[in-house]
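S.K.: Sequence lines, in order, name chains A and B.
Residues in the first sequence are numbered from 1 upward in steps of one, following the numbering used here.
Residues in the second sequence are numbered from 305 upward in steps of one, following the numbering used here.
Keep in mind that the hints were calculated from the coordinates and are not lab data.
Please note that a few of the clues may not be correct.
Dumping the calculated DSBU-like pairs for lysine-lysine here, alpha-carbon to alpha-carbon at most 30 Å [said to hold, decoys possible]: (1) Lys141(A) to Lys317(B); (2) Lys299(A) to Lys317(B); (3) Lys586(B) to Lys13(A); (4) Lys567(B) to Lys490(B); (5) Lys603(B) to Lys13(A); (6) Lys141(A) to Lys445(B); (7) Lys13(A) to Lys445(B); (8) Lys282(A) to Lys317(B); (9) Lys282(A) to Lys259(A).
Since the structure is predicted, the reported quantities are computational estimates derived from the model, not experimental observations.
Protein chains: 2
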Amino acid sequence: MMNEFELIQNYFKSLPTPRGDVVIGIGDDAACLRVPQGCSVLVSTDTLVSGVHFLPTWNAYDIAYRALMVNLSDLAAMAAEPCWFLLALTLPTVDEAWLESFALGMSDVIQSFGIALVGGDTTQGPLSITITMMGLAPVDKALKRSGAQPGDEIFVSGELGAAALAVETLNENNHPMAMEKLLHPKARVDLIPYLRQYATSAIDISDGLSADLNHLCVASNVGACLMQDQIPLHASLELALHGGDDYELCFTVPAEKKKQLTKDLKQKGLKCYPIGVIEEEKGLRIEDADGNRQTLIPKGYRHF
Amino acid sequence: MMNEFELIQNYFKSLPTPRGDVVIGIGDDAACLRVPQGCSVLVSTDTLVSGVHFLPTWNAYDIAYRALMVNLSDLAAMAAEPCWFLLALTLPTVDEAWLESFALGMSDVIQSFGIALVGGDTTQGPLSITITMMGLAPVDKALKRSGAQPGDEIFVSGELGAAALAVETLNENNHPMAMEKLLHPKARVDLIPYLRQYATSAIDISDGLSADLNHLCVASNVGACLMQDQIPLHASLELALHGGDDYELCFTVPAEKKKQLTKDLKQKGLKCYPIGVIEEEKGLRIEDADGNRQTLIPKGYRHF
Chain A
1 MMNEFELIQN YFKSLPTPRG DVVIGIGDDA ACLRVPQGCS VLVSTDTLVS GVHFLPTWNA
61 YDIAYRALMV NLSDLAAMAA EPCWFLLALT LPTVDEAWLE SFALGMSDVI QSFGIALVGG
121 DTTQGPLSIT ITMMGLAPVD KALKRSGAQP GDEIFVSGEL GAAALAVETL NENNHPMAME
181 KLLHPKARVD LIPYLRQYAT SAIDISDGLS ADLNHLCVAS NVGACLMQDQ IPLHASLELA
241 LHGGDDYELC FTVPAEKKKQ LTKDLKQKGL KCYPIGVIEE EKGLRIEDAD GNRQTLIPKG
301 YRHF
Chain B
305 MMNEFELIQN YFKSLPTPRG DVVIGIGDDA ACLRVPQGCS VLVSTDTLVS GVHFLPTWNA
365 YDIAYRALMV NLSDLAAMAA EPCWFLLALT LPTVDEAWLE SFALGMSDVI QSFGIALVGG
425 DTTQGPLSIT ITMMGLAPVD KALKRSGAQP GDEIFVSGEL GAAALAVETL NENNHPMAME
485 KLLHPKARVD LIPYLRQYAT SAIDISDGLS ADLNHLCVAS NVGACLMQDQ IPLHASLELA
545 LHGGDDYELC FTVPAEKKKQ LTKDLKQKGL KCYPIGVIEE EKGLRIEDAD GNRQTLIPKG
605 YRHF
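Extracted from the complex, chain A is given alone in its bound form:
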């Protein structure tokens, strides 16, 4: 008695379920999740629309991968451990090869991050994917955008600009590393313990460093100055400052904790980059190697 879209949901039931805290999973009216005492629930949702956030020609594997990473990145930016997700999938037609590839992309991310698909909805319509990701953080320990203080050091978690380079050169296809970053961004869930220990605020870089740092500064009621030659560039400064889609994290750390953080990260083979400092004066500034400062105008995200 099921229609083919309901059958798909049954199909997704076969994905790995690496969690014991799913009391009721896919197949009932709602999922039921056990929350440990002392934890709050974090939740975020992001929609990827065909032709806006990805090209219809992309592999379904890559679309699924990216849809999950974008949402995982939101939780990482809150220093919340990702646990469970729901998938609302709208498909024009039922294409089994496409679905198999899509499920494989999900399965790989599920296994890498130990998250579980606990519910969803499959409907007919123009291709779009909405993921709702849920996670856990110790009560009142979720990391907001609004905690940055003047004097805090600004860090980014990796090179910036690769994904934007890939978007700019989509048709050339001769920047394989940049394309890999665009298709398979890696949500920085590995940094959660360090964020919890050291950071005063965080945001993920989806719209671009200038736009997202500006969001963080506005929320924190502060400003920032970036040191131009400290920003880890993939290609150009322009792309690093204003290009989106990298899904690295930008976070702030009290100046006196900078050394210890760097040491702790190094011990685990990790590296984050100090790129500037939070200031009382609102707005963004950038300083070159000669100490010349200029105003930095944040640029919005440009869809491709």
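Please build the complex by placing chain B on the supplied structure of chain A, with the hints as guidance.
M.R.: Quick look at chain B alone, frame taken from chain A:
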């Protein structure tokens, strides 16, 4: 620096927020929600696509109202108190009058049910609405589809078939009560205390009584026999059995508790209808007033 779709999210920030357990709401990378000790989190997601689940000509108020009700109904069917929701809204263009009407529909439901909008995403694309609804139930007290036992009485929470009549006669527009039921279904959150006290299983009637009772029976590994003249009809038996979109609840209660349930409901001015009995024999049957039984084939949901 915000684009117009980001501005919309700011716009939704002005909706009423009737809950004190939202630690972080709209505007950060994720929402943070406080979960009381002894409670599990329930979560469900449903997408409404323009032209599939509603007509593009509908008022935005009605679309918002319905999108929330469909999701509230899923939580009611689990006997879970609805608390928080996220809105993933995909819009072809930014139409302020449409958005105002949409926000008003949400605001009315928010205030009626004491739920809070805690996050979301607004993107450009073909009109569709994905709501993720979250709620609470005492640990291990969420009501599944799979708990029905042979001998249990089957109840429905109200008249069936009105929404299907409205769908069938959309162009005539001469069944105002049926149209009201289609546009403004009422999630049966009011029944949650009774479900928790008396029910062994429940499901909401979105696809139609026959289809949804069948889902419940399959999940519970049982069958059912309906008493034809006990089914509360809005129009015809056909529409009551096979028409979707009513969003009443179907639930099962041990036979010995039937009287007490009915009494308890009556005290609060409520009424549910006993319409049959769970049987060991798989499949659905229907019995007329003369005691003649025949097999009832569940029919799938037909989108309009």
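S.K.: Look at each hint and say if it fits the structure.
M.R.: Evaluated hints:
Of the supplied pair hints, the one linking Lys141(A) and Lys317(B) holds, its CA atoms being roughly 23 Å apart against a limit of 30 Å. Annotation: proposed proximity of Lys299(A) to Lys317(B) holds, straight-line Cα distance about 23 Å (limit 30 Å). Restraint check: the Cα-Cα separation between Lys586(B) and Lys13(A) comes to about 23 Å, which is no more than 30 Å; the hinted pair holds. Only pairs whose Cα atoms come within 30 Å are accepted, and Lys567(B) paired with Lys490(B) is accepted, the gap being roughly 23 Å.
Using a Cα cut-off of 30 Å, the hinted pair Lys603(B) and Lys13(A) holds, with the two alpha carbons roughly 23 Å apart. Pair hint Lys141(A) plus Lys445(B) holds up; C-alpha atoms about 28 Å apart against a cutoff of 30 Å. Between Lys13(A) and Lys445(B) the CA atoms are separated by roughly 23 Å; this keeps the pair inside 30 Å, and the hint holds. Distance restraint check for Lys282(A) and Lys317(B): the Cα-Cα separation of roughly 23 Å lies within the 30 Å cut-off, and the hinted pair is therefore satisfied.
Using a Cα cut-off of 30 Å, the hinted pair Lys282(A) and Lys259(A) holds, with the two alpha carbons roughly 26 Å apart.
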